[in-house]
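Put chain B on the given structure of chain A with help from the hints.
Protein chains in written order, with our numbering: chain A, 371 to 752; chain B, 371 to 752.
Careful, some of the hints might be misleading.
Unchecked claim - Computed beta-carbon distance windows for the label pairs: (1) B:V634 with A:D387: 14 to 24 angstroms; (2) B:G520 with A:H529: 26 to 36 angstroms; (3) A:K500 with B:K386: 27 to 37 angstroms; (4) A:Q681 with B:E435: 30 to 40 angstroms; (5) A:V738 with B:P379: 57 to 67 angstroms; (6) B:H429 with A:P606: 50 to 60 angstroms.
Derived by calculation from the structure, the hints in this document are not laboratory data.
Glycine included, C-beta positions come from ideal geometry on N, C-alpha and C.
Number of protein chains: 2
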Amino acid sequence: MENFTFWNPTRIEFGKDKEKEIGKHLAKNGIQKVLLTYGSERIKHDGLFESVVLSLKSHNIAFVECGGIVSNPLLSKVYEGIEVAKREKVDAILSVGGGSVLDSSKAIAAGALYEGDVWDFFLGKATIEKALPIFDIITLAATGSEMNHGAVITNDATHQKYFIQAPALYPTLSIINPLLQSSVSKAYLVYSASDVIAHCIEGYFTATTHPVFISKQIEAIITTVMETTEKLLINPDDYDARGEFAWAATCALNGLTHVGVAGVTFPNHMIEHAISAICNVPHGAGLSIIMPAWMKWYQDKNEAQFKRFAQTIFGRESAKEGIEALEAWFKKIGTPTKFAHCGIEEKSIPAIIENAVDNAHYFGMDEVYTKEVIEKILKKAL
Amino acid sequence: MENFTFWNPTRIEFGKDKEKEIGKHLAKNGIQKVLLTYGSERIKHDGLFESVVLSLKSHNIAFVECGGIVSNPLLSKVYEGIEVAKREKVDAILSVGGGSVLDSSKAIAAGALYEGDVWDFFLGKATIEKALPIFDIITLAATGSEMNHGAVITNDATHQKYFIQAPALYPTLSIINPLLQSSVSKAYLVYSASDVIAHCIEGYFTATTHPVFISKQIEAIITTVMETTEKLLINPDDYDARGEFAWAATCALNGLTHVGVAGVTFPNHMIEHAISAICNVPHGAGLSIIMPAWMKWYQDKNEAQFKRFAQTIFGRESAKEGIEALEAWFKKIGTPTKFAHCGIEEKSIPAIIENAVDNAHYFGMDEVYTKEVIEKILKKAL
Chain A
371 MENFTFWNPT RIEFGKDKEK EIGKHLAKNG IQKVLLTYGS ERIKHDGLFE SVVLSLKSHN
431 IAFVECGGIV SNPLLSKVYE GIEVAKREKV DAILSVGGGS VLDSSKAIAA GALYEGDVWD
491 FFLGKATIEK ALPIFDIITL AATGSEMNHG AVITNDATHQ KYFIQAPALY PTLSIINPLL
551 QSSVSKAYLV YSASDVIAHC IEGYFTATTH PVFISKQIEA IITTVMETTE KLLINPDDYD
611 ARGEFAWAAT CALNGLTHVG VAGVTFPNHM IEHAISAICN VPHGAGLSII MPAWMKWYQD
671 KNEAQFKRFA QTIFGRESAK EGIEALEAWF KKIGTPTKFA HCGIEEKSIP AIIENAVDNA
731 HYFGMDEVYT KEVIEKILKK AL
Chain B
371 MENFTFWNPT RIEFGKDKEK EIGKHLAKNG IQKVLLTYGS ERIKHDGLFE SVVLSLKSHN
431 IAFVECGGIV SNPLLSKVYE GIEVAKREKV DAILSVGGGS VLDSSKAIAA GALYEGDVWD
491 FFLGKATIEK ALPIFDIITL AATGSEMNHG AVITNDATHQ KYFIQAPALY PTLSIINPLL
551 QSSVSKAYLV YSASDVIAHC IEGYFTATTH PVFISKQIEA IITTVMETTE KLLINPDDYD
611 ARGEFAWAAT CALNGLTHVG VAGVTFPNHM IEHAISAICN VPHGAGLSII MPAWMKWYQD
671 KNEAQFKRFA QTIFGRESAK EGIEALEAWF KKIGTPTKFA HCGIEEKSIP AIIENAVDNA
731 HYFGMDEVYT KEVIEKILKK AL
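In isolation and in its complexed conformation, chain A is listed as follows:
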């Protein structure tokens, strides 16, 4: 078991109607003016925007808007948000949306208190020492961003999908109301399931030291996500399933699954960031394509853990059967497992490889993930 530090100061307010208390929480934290970030205009029609604004007004909290944040969120929009945050002298960011909105909000929060180019942080040219406080109402369970200190942004000029991490980026408060997630489409539900499972397996398989207790906790998350996804595909209004899915998604990337482990790498994310940067597919869709391919390539390197996975998750014996079972489950729920399922043609592969090679360098994994290795993995997904 490795030495570790665990500290996660985010306050979670989970459950029905919790979003109506956002004004109260902001006021309690001394916030007087926020930058309200969101994605599509849809939230203005489904009542959420109105509900948030009502809560802000009843606590005399002013706000300025930064809407239009897209999936695989873009640096250009982050620049726009920083400009508004600085000009309007907001005290905090209030993110209303999914992981893309929240990740953009984190980058804006850091950039608003920095004189230089926020992309410096992504390139490791500067360290995030401070950020505006971040509050969020999360409307899609997947990324775990609501209880961690990371964010991923795509530089639309260079097609680099890079990340930042800093203690200052932990949200002060995250509101998770499973009811707000009931309107998520079936497609995005299964992409989310794929994303959460990816967060689980990266460390589970790649760690060189991995306490059994951590394996058990990860298996609890994976089986919960699988069971609740199946329930939600039948009945999207199953509140308890929606709630367990949401909380399991949060727990998959809040730091607890990485304590005491050593040597964790994120090869699936590293490769997927190339796929979505080049082809703009949803992150979870790219992950369900790459995971079975990567697992087939990687299984010999940690056979005992692959056998454990097969046994505890699927009741199968061999590593191979476990991977096949996961791929079959992805097919069953309807998330893609091959490039063709997403309309990605073989001719796109060279550009993906080139981007992934850059990512491998960026992730510090280029010794293992050479161009040849990445090509070998990608070809398993054709």
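Okay, now just chain B, sitting in the frame of chain A:
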């Protein structure tokens, strides 16, 4: 799934040599003088005290001592600590020891900033609004106090074993070095295992709403504690087993096993507090006596969950078999399962019942746990 708030701001520093950094952490938090609390003088001989003092001195942190805290810690000692803390104007409490030392430190931390009698907090006559910051080096894995906001103290004048809870009581920083726990006796190891399992099963069985995901997380803790206890009984120096045991113990009572659940009660703790208040047996020993007895009495009230317990923990079918398997496992590791194993005679039972009836009222459980019910449960442990 119930609405919930989760917030746990404690920083955990886990691993080898972490205690040597205590001075650095205190200094970083602006602390200049601490009340150093501990139990027996043993820590002055095994090097820990010296190591801590060295770290304090190298960061110019002054300290005054409050030693001699005993298991089932006493209010009289808390008063003594408060007096010293106030007189010496310390900035923080530094607890070096197990759960008893830490619980006493929490009570001292609250009492030091209160004009009235600290027992008021235990009686619900006053609410803890503030406390001195608490830092700790935990030398026994069991109570989970290192990552929660509760404390249990026995009033030596009245034999009431009561508790306090308040956000201000979360330790600012807890240091968990599994190596410091290697010298724990086999007896205290198995009592600790019993204590952790008790923390797990109270909510698991009594909750009226209990997400499956939470059941899975609890089962991960229980099986980890069982597996690592068996390893440590064979080899007390198995660092990984010691580490997983310690972290599982922390996770059993840091709030995460209670999110989304409703209707949790603590009947085993309620009854055990009476046993240890009257007979001064170790808390974990009292719990391994009372748990099988309580389970036999309670099983019909939540049969499905008892069956789940039997199946997931022991691979058995019926509720009855699960309870028998747990009792057999307690016997196997050598923690008592009957009063006689602790030298408690039948003639002590009336006093225990009387104390437990008071506790039932205190815990707000007197409607279910009448004198007759408590007597029925206790008799199953004779």
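Results for each hint:
1. B:V634 with A:D387: 14 to 24 angstroms: holds, 22 angstroms
2. B:G520 with A:H529: 26 to 36 angstroms: Violated, since G520 of chain B and H529 of chain A (Cβ atoms, about 51 angstroms apart) do not stay within the stated range.
3. A:K500 with B:K386: 27 to 37 angstroms: holds, 32 angstroms
4. A:Q681 with B:E435: 30 to 40 angstroms: Because 52 angstroms falls outside the window, the suggested range is violated.
5. A:V738 with B:P379: 57 to 67 angstroms: Violated, at about 37 angstroms.
6. B:H429 with A:P606: 50 to 60 angstroms: Given about 56 angstroms between the Cβ atoms, the range holds.
Consistency with the previously given hints fails for numbers 2, 4, 5, ordered from lowest to highest.
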